[in-house]
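Chemist: Could you slot chains X and V onto chain W? The hints should help.
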Amino acid sequence: MSPFAIISAVIERLKVASDAAEQLKDITGEVNGALRKLGASGGICQVFVPHTTAGLVVNENADPDVCIDMLTWLEEVVPQSHPFRHAEGNSPAHIKATLVGQSATLPLDGGRLALGTWQGIFLAEFDGPRQRTVIVNVVGA
Amino acid sequence: MSPFAIISAVIERLKVASDAAEQLKDITGEVNGALRKLGASGGICQVFVPHTTAGLVVNENADPDVCIDMLTWLEEVVPQSHPFRHAEGNSPAHIKATLVGQSATLPLDGGRLALGTWQGIFLAEFDGPRQRTVIVNVVGA
Amino acid sequence: MSPFAIISAVIERLKVASDAAEQLKDITGEVNGALRKLGASGGICQVFVPHTTAGLVVNENADPDVCIDMLTWLEEVVPQSHPFRHAEGNSPAHIKATLVGQSATLPLDGGRLALGTWQGIFLAEFDGPRQRTVIVNVVGA
Numbered sequence: 001m002s003p004f005a006i007i008s009a010v011i012e013r014l015k016v017a018s019d020a021a022e023q024l025k026d027i028t029g030e031v032n033g034a035l036r037k038l039g040a041s042g043g044i045c046q047v048f049v050p051h052t053t054a055g056l057v058v059n060e061n062a063d064p065d066v067c068i069d070m071l072t073w074l075e076e077v078v079p080q081s082h083p084f085r086h087a088e089g090n091s092p093a094h095i096k097a098t099l100v101g102q103s104a105t106l107p108l109d110g111g112r113l114a115l116g117t118w119q120g121i122f123l124a125e126f127d128g129p130r131q132r133t134v135i136v137n138v139v140g141a
Numbered sequence: 001m002s003p004f005a006i007i008s009a010v011i012e013r014l015k016v017a018s019d020a021a022e023q024l025k026d027i028t029g030e031v032n033g034a035l036r037k038l039g040a041s042g043g044i045c046q047v048f049v050p051h052t053t054a055g056l057v058v059n060e061n062a063d064p065d066v067c068i069d070m071l072t073w074l075e076e077v078v079p080q081s082h083p084f085r086h087a088e089g090n091s092p093a094h095i096k097a098t099l100v101g102q103s104a105t106l107p108l109d110g111g112r113l114a115l116g117t118w119q120g121i122f123l124a125e126f127d128g129p130r131q132r133t134v135i136v137n138v139v140g141a
Numbered sequence: 001m002s003p004f005a006i007i008s009a010v011i012e013r014l015k016v017a018s019d020a021a022e023q024l025k026d027i028t029g030e031v032n033g034a035l036r037k038l039g040a041s042g043g044i045c046q047v048f049v050p051h052t053t054a055g056l057v058v059n060e061n062a063d064p065d066v067c068i069d070m071l072t073w074l075e076e077v078v079p080q081s082h083p084f085r086h087a088e089g090n091s092p093a094h095i096k097a098t099l100v101g102q103s104a105t106l107p108l109d110g111g112r113l114a115l116g117t118w119q120g121i122f123l124a125e126f127d128g129p130r131q132r133t134v135i136v137n138v139v140g141a
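Chains as they are written, first to last, in the numbering used here: chain W, 1 to 141; chain X, 1 to 141; chain V, 1 to 141.
Looking at chain W on its own, in the form it has when it is part of the complex (with noise of 0.2 angstroms):
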């Protein structure tokens, strides 16, 4: 990329269905979508949940037993027989949220998202099921 291309930072929201309690949901594709939408070459994407009890993972997508073995090691770490004190009875979900983490920064290149050939991309829902929504800002060219 030319390095005096004009930077523009552009933003879209994305609705998500989680399905379960506890689920890592695929949206490599859905954050594709936004960005051929939004159109940059170059520069950083972000997707950013805006929630307490969701976060966002980047890891492998070929073999769905990976995801299960990190939710059920978290649960094991953080199980929700824990006697914490937050009445709404979901802190391990936010402890869940916090460890994850709610915003993947991830680099464009050429257009494209600057994945590895095994990273996807992975809504994690913690307390669920509910309507969740991804936020994809791209500062960029």
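It is worth saying that the hints were derived from the structure and are not from the lab. Among these hints, one or two may not hold up.
One copy or any two copies: either way a pair holds, since identical chains are not told apart in the list.
Unchecked claim - Straight-line alpha carbon distances no greater than 25 angstroms define the calculated SDA-like cross-link-like pairs of lysine to any residue that follow:
#1 K37 x N90
#2 K15 x H86
#3 K15 x P79
#4 K37 x D109
#5 K15 x E76
#6 K15 x E30
#7 K37 x Q131
Since the structure is predicted, the reported quantities are computational estimates derived from the model, not experimental observations.
Modeler: Chains X and V in isolation, oriented as in the chain W frame:
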């Protein structure tokens, strides 16, 4: 925003005093204040702590019990009593800072942080009380 | 920096060889070298690993014991002996990579990374030794 707007990069350093050995201190107001001064409409707002025993959490700022539960859980899983090697004795603080992260990236939309209804930005102090620096760095238009 | 500077998006791929099964390898010098080549003064420097069993840690690079303590703690909390489903047997590496994250976003100020005195950037290898790619992606001016 017009895709032809001129994008700028602006940076501001905030001083934030933590009040306890461990604390999630809500700094959403301070970040919004820096943003008003920096003046961007769209783009990415990055909040960054240049420290190794503090981090940033984006999570619920309605019920304070969510923060208490998070700090309690972190203390259980990374106990101070663990026999670590680091001679300063604050390895748990370093580990907790890495688990929550030092950088929070937040989308800007219409001149405001596109946070969810329940989301706030917290300085995560794990080795306080101290005077901390919080960098607000905006690439936007 | 002038708010009217022309912002560019530039990207560079580094090759980094890890030396052990698990390692925090300091790559701050390599990232700074890429930055000098890319030439930005302000903005956001994103470091990204396009892998699913490696990540990035920003933490203390003064006392090597901090890194040892972090790897030791991660091994205890995500033990290799755990009965995971993923047939390749490296689910702990996937989980650890997600816990530390694949993307580190760093502020640029005056042509330099605005890191704290004690902060360094580490490639977090959890399934090595391997040849890894580290992407340095800058949106700045």
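Chemist: The structure should be examined with respect to each hint, and the outcome stated for every one.
Modeler: Comparing the hints with the structure gives:
| no. | hint | verdict |
| --- | --- | --- |
| 1 | K37 x N90 | neither (36 angstroms within a copy, 37 angstroms between copies) |
| 2 | K15 x H86 | neither (28 angstroms within a copy, 30 angstroms between copies) |
| 3 | K15 x P79 | neither (29 angstroms within a copy, 36 angstroms between copies) |
| 4 | K37 x D109 | both (16 angstroms within a copy, 17 angstroms between copies) |
| 5 | K15 x E76 | neither (30 angstroms within a copy, 36 angstroms between copies) |
| 6 | K15 x E30 | within (9 angstroms within a copy, 30 angstroms between copies) |
| 7 | K37 x Q131 | within (22 angstroms within a copy, 35 angstroms between copies) |
Of the hints listed earlier, those the structure fails to meet are numbers 1, 2, 3, 5, in rising order.
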